[in-house]
Amino acid sequence: MHFRLVRYFTLTSMIFFVLVGGLLAYFYGGMALSNMLELQESANVNQTRVFANQLWDSDFAPLLADAADMASPELKKHSRLREIHRRVLDLMGGSTTYKIKVYDPRGRTVYSSELAQIGEDKGGNAGVRGALAGETRTELVHRDRFSAFEQVVEDRDLIQTYLPKRDPATGDVVGVFEIYSDVTPFLAETKKTERVLLTAVVASFGVLYLALFFIIRHAQRIIRRQAEERETAQQHLAQAEKMASLGQLVAGVAHQLNTPLAFSHNNVDLAIRSVHGFEPTLRAAGRHREAGMVRQMLGDVLQGLEQMKELVQNLRDFTRLDRSKVVAADLNATLRTVAYIARNAIPPRIRIVEDYSPLPPVECNASQLNQVFLNLITNGAEAIIGDGQVTVRSHIDGERVCVAVADDGTGIPDEVLPHVFDRYFSTKPKGVGTGLGLPIARDIVRSHGGDIAVSTRVGAGTVFTITLPQRGAGDGTRSKPNEI
Amino acid sequence: MSATDLSMAMPMSVDAPKGRVLCVDDEPNILRALCWLLQKEFEVVTAASGPEALELLGRDDFDVIISDHRMPEMGGVDFLTRAKAIAPRAMRILLTGYSDLDAVLQSVNEAEIFRYVTKPWNVTELPRVVGQAAAIARSQPAFEAWPGSEQAHAAGEARVLLLGDDIRVHATVELCAGDLAEVVHVTNVADAIHQLQDERIAVIVAETSLGSVDLTRLLCVLKQRHPQVVSVVLAEEAATDTVARLVNQGQIFRFLPKPLPGSRLRETLGAALARSREIRQQPGLARRHEVEALGEEELARLRAELEAAARSEAKTKESPASSLGSRMGGFLRRFFADAGSHA
Numbered sequence: 003m004h005f006r007l008v009r010y011f012t013l014t015s016m017i018f019f020v021l022v023g024g025l026l027a028y029f030y031g032g033m034a035l036s037n038m039l040e041l042q043e044s045a046n047v048n049q050t051r052v053f054a055n056q057l058w059d060s061d062f063a064p065l066l067a068d069a070a071d072m073a074s075p076e077l078k079k080h081s082r083l084r085e086i087h088r089r090v091l092d093l094m095g096g097s098t099t100y101k102i103k104v105y106d107p108r109g110r111t112v113y114s115s116e117l118a119q120i121g122e123d124k125g126g127n128a129g130v131r132g133a134l135a136g137e138t139r140t141e142l143v144h145r146d147r148f149s150a151f152e153q154v155v156e157d158r159d160l161i162q163t164y165l166p167k168r169d170p171a172t173g174d175v176v177g178v179f180e181i182y183s184d185v186t187p188f189l190a191e192t193k194k195t196e197r198v199l200l201t202a203v204v205a206s207f208g209v210l211y212l213a214l215f216f217i218i219r220h221a222q223r224i225i226r227r228q229a230e231e232r233e234t235a236q237q238h239l240a241q242a243e244k245m246a247s248l249g250q251l252v253a254g255v256a257h258q259l260n261t262p263l264a265f266s267h268n269n270v271d272l273a274i275r276s277v278h279g280f281e282p283t284l285r286a287a288g289r290h291r292e293a294g295m296v297r298q299m300l301g302d303v304l305q306g307l308e309q310m311k312e313l314v315q316n317l318r319d320f321t322r323l324d325r326s327k328v329v330a331a332d333l334n335a336t337l338r339t340v341a342y343i344a345r346n347a348i349p350p351r352i353r354i355v356e357d358y359s360p361l362p363p364v365e366c367n368a369s370q371l372n373q374v375f376l377n378l379i380t381n382g383a384e385a386i387i388g389d390g391q392v393t394v395r396s397h398i399d400g401e402r403v404c405v406a407v408a409d410d411g412t413g414i415p416d417e418v419l420p421h422v423f424d425r426y427f428s429t430k431p432k433g434v435g436t437g438l439g440l441p442i443a444r445d446i447v448r449s450h451g452g453d454i455a456v457s458t459r460v461g462a463g464t465v466f467t468i469t470l471p472q473r474g475a476g477d478g479t480r481s482k483p484n485e486i
Numbered sequence: 066m067s068a069t070d071l072s073m074a075m076p077m078s079v080d081a082p083k084g085r086v087l088c089v090d091d092e093p094n095i096l097r098a099l100c101w102l103l104q105k106e107f108e109v110v111t112a113a114s115g116p117e118a119l120e121l122l123g124r125d126d127f128d129v130i131i132s133d134h135r136m137p138e139m140g141g142v143d144f145l146t147r148a149k150a151i152a153p154r155a156m157r158i159l160l161t162g163y164s165d166l167d168a169v170l171q172s173v174n175e176a177e178i179f180r181y182v183t184k185p186w187n188v189t190e191l192p193r194v195v196g197q198a199a200a201i202a203r204s205q206p207a208f209e210a211w212p213g214s215e216q217a218h219a220a221g222e223a224r225v226l227l228l229g230d231d232i233r234v235h236a237t238v239e240l241c242a243g244d245l246a247e248v249v250h251v252t253n254v255a256d257a258i259h260q261l262q263d264e265r266i267a268v269i270v271a272e273t274s275l276g277s278v279d280l281t282r283l284l285c286v287l288k289q290r291h292p293q294v295v296s297v298v299l300a301e302e303a304a305t306d307t308v309a310r311l312v313n314q315g316q317i318f319r320f321l322p323k324p325l326p327g328s329r330l331r332e333t334l335g336a337a338l339a340r341s342r343e344i345r346q347q348p349g350l351a352r353r354h355e356v357e358a359l360g361e362e363e364l365a366r367l368r369a370e371l372e373a374a375a376r377s378e379a380k381t382k383e384s385p386a387s388s389l390g391s392r393m394g395g396f397l398r399r400f401f402a403d404a405g406s407h408a
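First to last, the sequence lines map onto chains Y and S. To convert, count from 1 in the first sequence and add 2; that's this note's numbering. To convert, count from 1 in the second sequence and add 65; that's this note's numbering.
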């Protein structure tokens, strides 16, 4: 399973950050608004109190008393209004209050700083009704156009407060004040703070996100590398197990063959000698031709048995199961065995030419190197279309031992060459090549402290050259090759 | 058992048999083949299993025992080890188609075999080896006169020659030898050959290689030249054919794995010294460890290695040591002249 850590992290953290940022902004906005409303309400209440103290008894109370019996059109022309209006404007000048209205207990506008509105019946207005019932109501309203004192303002946020005015003696609501005050700059300030806050939050989350992103990406890389290493190790193990069990099988069969070979060979050999002994008798009896035939027959059997002995011996040497893992081996002997085995594994139209120089013993895991050499020889043979030859050479190069496997086949195209040691890279059809042969070969050679190189010419052939140190790679050869 | 009857049914050779041979194998075909091969020269008795063969050994006297390794009831090495106790005079040959490292190591250390022969055997070679074994067995004293292998450790003149450059091994051997014998430690072949002129050297303890020199071949040549010296080989890694060669051509007494368990080494040294004393008391016993001569190719290889080692030693050391190199060269010439004459 492939876990896309970075992708999942990005998605989740994005969602989380947006959510948290949004919630924070929302709560801040709401809190600022309610704070403002509260503040503004008390400001409006105070303002009203100022009006009430200054104007109620002297102006509004008599106005209300007069208005009780007057129709609306008459009310508009009330003589006191001009005086009241002047005083109101005096009081309101310089404050944030834009408008002030006074209602009588029936909900009729007895005074408005916008004089045109005097006489309007607002009995149905929820704010007015609420205030008549004794509640103070405040709300934020937005007006595109608003007639304030002596001017018309546009695009304003206003706080609208309805306040009941009670009779100090009875406590009854005797009228309602309605006050509008401008909070546009205040609100703009709040919005600005909100934006700054949001920016700060987004920025800090961004920094946090980036930091985490790099940590996570690093972690992801480590995880992926470990997964790859584990996979490599597992493949090696699987391959090694396959080879080991195959080797065990082959070695087992080879050894089992030794017993029948032993007595067959022994008996045929003895039989030939017996026939020799009988020859004079048979000749005397005139049957020397038959004697010769029998001798030849048995001779052929003996030859066949010799061939089988050779094969068994080579199989045994190839698997080398009877040896400890790392020994000082004669690589030429090893190569001869591999060439013998390979001849049976490749088509007869391809010749294997052996050209060995004397080599010192090389400390190695011979059964693993056998696997590498066999792989290179069969690979070489597969690159040959029609007749051709694979040449196996060995020589000493300073302190190192070189083994070269050359074929005169098709060569490796330029676009394939960089990938020949890549895992799972195979030019063979699916199911035929695993793409593991050369990578494993390289791993085995490297674990011996050596290296493998390839040189090729399209149409002329390919040479794989393995160089190995004579003494192995210190600790490397003692531990590593055993694992593969 | 039909195989046993078979040998009786076979026509005996006109000449007096050169020895009595007991063949043990669970495969009747092999027993018949061995019979046909050996009956001309020897009196052959066969057994199809270890227990059956042990019974025969208890009743009769044999000169040579040839046993297969893989047998169902009792393994070949196990059988040969018991046979050693019942019939110590008989020479033991292990004949196997499997190259099993454990088996060959046990055959050295426990069964103390004379030869390790692989199946399929060489039809001319095997009768020769059996003939050699039979001749040796017949030259040995009768059963009663056989010296007990568990003799008191006579603190004597005996010396142990240790050849190797591993300091830890030196320390361990020194510790284990303790009161048993004096240890002479040498780190090069020339010194080893020089020390072997000393008659008191009873046991040689060596590793399988020293620098670039493969000591297994050298041990084979040394055994040929100094048959009275009992050899013990120490090795970390072993291959079946190396051990087989050390048996057939080196007649080593023990093959021990490294790192060394101290107790086992002491036990081994004790046994090796005892064997050496037996051989000194009855020089005829040394014949039991007669070796096959090393082939020409092997000798040439050993010589090349030794010469290369001598050269590199002469190169690395100062003038007094260059005389060591030439001394070594002199040794080599004499050494190989002798080895050649032996072969």
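Just so you know, these hints were derived from the structure itself, not from any lab. One or more of the hints may lead you astray.
[Said to hold, decoys possible] Taking lysine to any residue pairs in the SDA-like style, the calculated list, with each CA pair at most 20 Å apart, reads:
1) Y:K78 x Y:L26
2) Y:K194 x Y:A205
3) Y:K124 x Y:A73
4) S:K323 x S:R203
5) Y:K311 x S:T189
6) S:K323 x Y:A330
7) Y:K193 x Y:K430
8) S:K105 x S:N187
9) Y:K311 x Y:R338
10) S:K105 x Y:G279
11) S:K105 x Y:R275
12) Y:K124 x Y:T98
13) Y:K311 x Y:H278
14) S:K105 x Y:K430
15) S:K105 x Y:N269
16) S:K149 x S:R376
17) Y:K311 x S:L119
18) Y:K430 x Y:T469
19) Y:K194 x Y:A385
20) S:K149 x S:D126
21) Y:K311 x S:R203
22) Y:K194 x Y:K78
23) Y:K194 x Y:V204
24) Y:K78 x Y:T140
25) S:K149 x S:L119
26) S:K105 x Y:Q391
27) S:K323 x S:T189
28) S:K105 x Y:G136
29) Y:K311 x S:N187
30) S:K149 x S:N187
31) Y:K244 x Y:R227
32) Y:K311 x S:E355
33) Y:K101 x Y:A73
34) Y:K430 x Y:E384
35) S:K105 x Y:E43
36) S:K323 x S:E264
37) Y:K78 x Y:R108
38) S:K105 x Y:Q162
39) Y:K101 x Y:F29
40) S:K105 x Y:S276
Small disclaimer: the values here were computed from a predicted structure and weren't measured.
Each hint tested on the structure:
1. Y:K78 x Y:L26: 51 Å, violated
2. Y:K194 x Y:A205: 16 Å, holds
3. Y:K124 x Y:A73: Judged against 20 Å, a Cα distance of about 15 Å means the pair holds.
4. S:K323 x S:R203: Violated, because 37 Å separates the two Cα atoms, which is more than 20 Å.
5. Y:K311 x S:T189: Given that 20 Å is the threshold and the Cα spacing comes to 16 Å, the pair holds.
6. S:K323 x Y:A330: Roughly 17 Å between the alpha carbons, so the hint for K323 of chain S and A330 of chain Y holds.
7. Y:K193 x Y:K430: 68 Å, violated
8. S:K105 x S:N187: 16 Å, holds
9. Y:K311 x Y:R338: 16 Å, holds
10. S:K105 x Y:G279: Between K105 of chain S and G279 of chain Y the Cα gap is close to 14 Å, so the pair holds against 20 Å.
11. S:K105 x Y:R275: 13 Å, holds
12. Y:K124 x Y:T98: 24 Å, violated
13. Y:K311 x Y:H278: 24 Å, violated
14. S:K105 x Y:K430: This hinted pair is violated, its Cα atoms lying about 61 Å apart.
15. S:K105 x Y:N269: 14 Å, holds
16. S:K149 x S:R376: Roughly 45 Å separates the two Cα atoms, so the pair is violated.
17. Y:K311 x S:L119: Distance of about 32 Å is beyond 20 Å: violated.
18. Y:K430 x Y:T469: 27 Å, violated
19. Y:K194 x Y:A385: 75 Å, violated
20. S:K149 x S:D126: 12 Å, holds
21. Y:K311 x S:R203: Since the Cα atoms of K311 of chain Y and R203 of chain S sit roughly 34 Å apart, the hinted pair is violated (cutoff 20 Å).
22. Y:K194 x Y:K78: 43 Å, violated
23. Y:K194 x Y:V204: This hinted pair holds, its Cα atoms lying about 15 Å apart.
24. Y:K78 x Y:T140: 27 Å, violated
25. S:K149 x S:L119: 10 Å, holds
26. S:K105 x Y:Q391: 51 Å, violated
27. S:K323 x S:T189: Status violated; Cα separation ~38 Å.
28. S:K105 x Y:G136: 141 Å, violated
29. Y:K311 x S:N187: With Cα atoms ~11 Å apart, K311 of chain Y and N187 of chain S stay inside 20 Å; holds.
30. S:K149 x S:N187: Distance of about 26 Å is beyond 20 Å: violated.
31. Y:K244 x Y:R227: 25 Å, violated
32. Y:K311 x S:E355: Between K311 of chain Y and E355 of chain S the Cα gap is close to 29 Å, so the pair fails against 20 Å, i.e. violated.
33. Y:K101 x Y:A73: Given pair K101 of chain Y, A73 of chain Y is violated - Cα atoms ~23 Å apart, limit 20 Å.
34. Y:K430 x Y:E384: Holds. K430 of chain Y to E384 of chain Y sits at ~10 Å (cutoff 20 Å).
35. S:K105 x Y:E43: 134 Å, violated
36. S:K323 x S:E264: Measuring from Cα to Cα gives roughly 28 Å; hence the hint is violated.
37. Y:K78 x Y:R108: 17 Å, holds
38. S:K105 x Y:Q162: 135 Å, violated
39. Y:K101 x Y:F29: 31 Å, violated
40. S:K105 x Y:S276: 12 Å, holds
Checked against the numbered hints given earlier, this structure breaks hints 1, 4, 7, 12, 13, 14, 16, 17, 18, 19, 21, 22, 24, 26, 27, 28, 30, 31, 32, 33, 35, 36, 38, 39; the rest are met.
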